[in-house]
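Asker: Now for the letters of each chain:
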Amino acid sequence: MLLSLDDASVRFGARAALDAVGLQVAEREIVCVLGPSGSGKSTLLRAVAGLQPLSGGRVFLDGRDQAGVPAHRRGVGLMFQDHQLFPQRDVGGNVAFGLRMRGAGRAEQERRVGELLDLVGLPGAARRAVSALSGGEQQRVALARALAPRPRLLMLDEPLGQLDRSLRERLVVELRELFHRLGTTVLAVTHDQGEAFALADRVVVMRDGAIAQSGTPLEVWQHPADAFTARFLGFENVVEATVAGSAAVTPWGKLPVPEGAPQGPGTLLVRPVGVRLVPAGEGLRCTVAARTFRGTHVAVRLRPQDGPLLEAACPLRLAPETGEAVGVEFDPSEVLVLGQGRPPRTP
Amino acid sequence: MDVTRTEVADAPRRARSGNAARLGLLALPVAFFGVFFAYPVAAIVARGLRDGGVWRLGRIADVLGEPGIRHVLWFTTWQALASTALTLLVALPGAYVLARYDFPGRHLVRAVVTVPFVLPTVVVGTAFLALVGRGGLLDGLWGVRLDTTVWAILLAHVFFNYAVVVRTVGGLWAQLDPRQEEAARMLGASPLAAWRKVTLPALGPALAAATLMVFLFTFTSFGVVQILGGPAFSTLEVEIYRQTSEIFDLSTAAVLTLVQFAAVGAILAVHAWTVRRRESALRLVDPALTARRPRGARQWALLGAVLATVALLVVLPLAVLVRRSLDAPGFGYYRALTREDGGTFLVPPIQAVGNSLQYALAATAIAVLVGALAAAALARRDAGRLVRGFDALLMLPLGVSAVTVGFGFLIALDEPPLDLRSSWILVPLAQALVGVPFVVRTMLPVLRAVDGRLREAAAVLGASPWRVWREVDLPLVRRALLVAAGFAFAVSLGEFGATVFIARPDNPTLPVAVARLLGRPGDLNYGQAMALSTILMVVCAVSLLLLERLRTDRSGEF
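The listed protein sequences correspond, in order, to chains A and B. Take 27 as the starting number for the first sequence in this note's numbering and just add one per residue. Take 79 as the starting number for the second sequence in this note's numbering and just add one per residue.
There may be inaccurate statements among the hints.
Unchecked claim - Here are a few chain B residues that face chain A, going by a calculated C-beta distance under 8 Å:
id: 1; residue: Ile325
id: 2; residue: Leu328
id: 3; residue: Val528
id: 4; residue: Arg531
id: 5; residue: Ala535
id: 6; residue: Gly540
id: 7; residue: Arg545
id: 8; residue: Val550
id: 9; residue: Leu554
As the list claims (entries may be wrong) - Below, a sample of chain B positions facing chain A; criterion: calculated Cβ distance under 10 Å:
id: 10; residue: Asp529
id: 11; residue: Leu532
id: 12; residue: Leu539
id: 13; residue: Ala541
id: 14; residue: Pro599
id: 15; residue: Gly600
Just so you know, the hints here were simulated from the structure itself, not pulled from any lab data. Remember, predicted model here, so these are calculated numbers, not experimental data. For glycine and all other residues, C-beta sits at the position ideal for the given N, C-alpha and C.
Okay, chain A solo, but in the shape it has when bound:
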């Protein structure tokens, strides 16, 4: 393992920003830590970088304990959330900074700066002032600067956070392709699930300083470990339920569940595509509370007679008008019984 965290904890007073986190990142793996703000993601990166001392546990890089190793000797790269380019240096000066700190010769610096600026799509920009760059260009320079000294581990803190949506979607694909080509080991943190799923080989969901779930993007998306993860991923149809046989008792009435679902009380997730609209009078009776256009489909919010609001995904041309009465049926293959996870921390 290139990076392992062993019960790593960071406390600020009584609050644990990192709570006994165990995490492994293999060589050439792209791991994305996903969590809401305040979940301890950035603290995790700072602890690995050596910018934040641990209150407990250990960080290993290449199997070597990093206790007492200062930030500048760890040989990892960190791309900051708002880039933190050095304002008094030009683009080339920023990219060459890490090489200079390692005592690289002038010729090597120049060669490598040219190489990296080509790589990030800014050829010939070495003499430009960083203040004259757009947000996307700054992001590319920050990436080039972090990559230049060939860090054994590259860490990205909300790498695309401040960019506009279309740029973000294009860059995330470019980044993934680039990291795979270079064989870079990456540990990124973000609060944006789309970004995490597009970038990562493996997604780690964090909550209150601890890891809630870890798995491939598909695994996490298809089987959120608990209600928190499901809600954080944007699923709204999450309710308490009691499962008996192939049905579950919920506030929405009896729902079918897939075969082999864990029995007894639990939490139920119904994916929006599993909420099928049928003519009024059939199934669960609902009125349409709101509809949101989502590009490929329409997200319809339904108010049932009993129970919390339901979200359904339906094709554009079939979407009912607000205020219309509809019936709802549930597709058992899109219903999921979730684990309990750990109870939310009381503040």
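Once you have looked at the hints, place chain B on chain A.
Answerer: Chain B alone, transformed into the frame defined by chain A:
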């Protein structure tokens, strides 16, 4: 359990290492102020108030009971209040215009109004004497003389402190986001109401700081009052000088020093408090974005009025000074400066230029070293109350009687291992005392503004703590450092009160030489004084113009 134990062991250790670093940085400034400020001042107070090993504190009540002294206290206070009010009245429109109007020559005007602030007080006094005194410009034109009235002092104080208001208030004004006021307008506020409710509160702390600084400078005014006040008007500082060097009543001088010390301490405490409030989060923008061309007759009229005020109040006295220096044909007064006249000086007066430059350079080096270390310690985010207290303490030399400091140097630093009486370093040391507060005030806002994550970015890229300082901090504060050095240089160049006591007769500085020439009768001496003052003014103005080019975006206190 393991976690808790490490944490408990770790927290105090980190706090200790932070304290150690801070104390390391503060060691030199503390030692400097202890040895070259606190010790001499304490020594001279003790000399005045101790008799046969016993403190005679009863003297304090005796001295304060004298009607003459009470008159001095009263005059010192009310003239300071009046000068401050008058300065604000005259300078606030100037601060606004120079901050918000874009017009050709704006930088030149800003530099010009700053020249008086670093001029030696004796020169200021002389310039006003030439303007409003006997045979002066006003006397010649309309037969008006002000030199026996308090108006001459008040006007000279406005002349002197105009720049303090323009720099402190105007510096912030230029960086206030005009959109805040626009937002208030959109919510239905009239222009006046928007200014009163939005801009004024934002300016408040800077305004308070400027007011206090002007009050402090006028409260401790020496050279101006000495020359323009005549026998009728005397401030505490002038009285201390009189008691020390004319009447040799050290105990009265000691009591007056203590009184001034207490008053200045109180003023500085209030100042430190407002400075801290000023650092509250204001949305600041690039000054270049807020200035625009004046529009409409009213704005042009305001600009015209401000420029006329500057011309009359700042340029005219300086112009009169220069003209008087040229009264003799063929630059006679200037050429006379190069001759040994055998009477006033042991050396040609022109040598004072070289002395002054050497002393000021040495003083600047000391002030920058001490001030930068102090600023670095004060800029740390974890600075505690004790350190902030030191911040206020650093300002004390600005207000404590320079006469006391100078005389204190003579009587305190005369024994081994600190026998410096015959050393040239004595003058730069005294001048550096006045320079340090300027260095600290200029550096501190810039150091505090350096984003800590830039340092982290450098560390992650492999920079050791020392290289982080060299690669990140130094480039960012380099300009501020140069500006601070320039101020310290100009202030050292003009220092008079302490230098007059400790400069050796064969090595006078420019202000000392000017004062000595003024003290002698005859047109030649007077003209030479004017010529030397002009040279001093030009040196100051050139260094200020250079500063104006380097001025950092963040406004310092001055």
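Asker: Work down the list of hints and note, for each, if the structure agrees.
Answerer: To see whether the hints hold, each was checked on the structure:
{"no.": "1", "hint": "Ile325", "result": "violated (57 Å)"}
{"no.": "2", "hint": "Leu328", "result": "violated (54 Å)"}
{"no.": "3", "hint": "Val528", "result": "violated (10 Å)"}
{"no.": "4", "hint": "Arg531", "result": "holds (5 Å)"}
{"no.": "5", "hint": "Ala535", "result": "holds (4 Å)"}
{"no.": "6", "hint": "Gly540", "result": "holds (4 Å)"}
{"no.": "7", "hint": "Arg545", "result": "holds (7 Å)"}
{"no.": "8", "hint": "Val550", "result": "holds (7 Å)"}
{"no.": "9", "hint": "Leu554", "result": "holds (6 Å)"}
{"no.": "10", "hint": "Asp529", "result": "holds (7 Å)"}
{"no.": "11", "hint": "Leu532", "result": "holds (5 Å)"}
{"no.": "12", "hint": "Leu539", "result": "holds (4 Å)"}
{"no.": "13", "hint": "Ala541", "result": "holds (5 Å)"}
{"no.": "14", "hint": "Pro599", "result": "violated (57 Å)"}
{"no.": "15", "hint": "Gly600", "result": "violated (56 Å)"}
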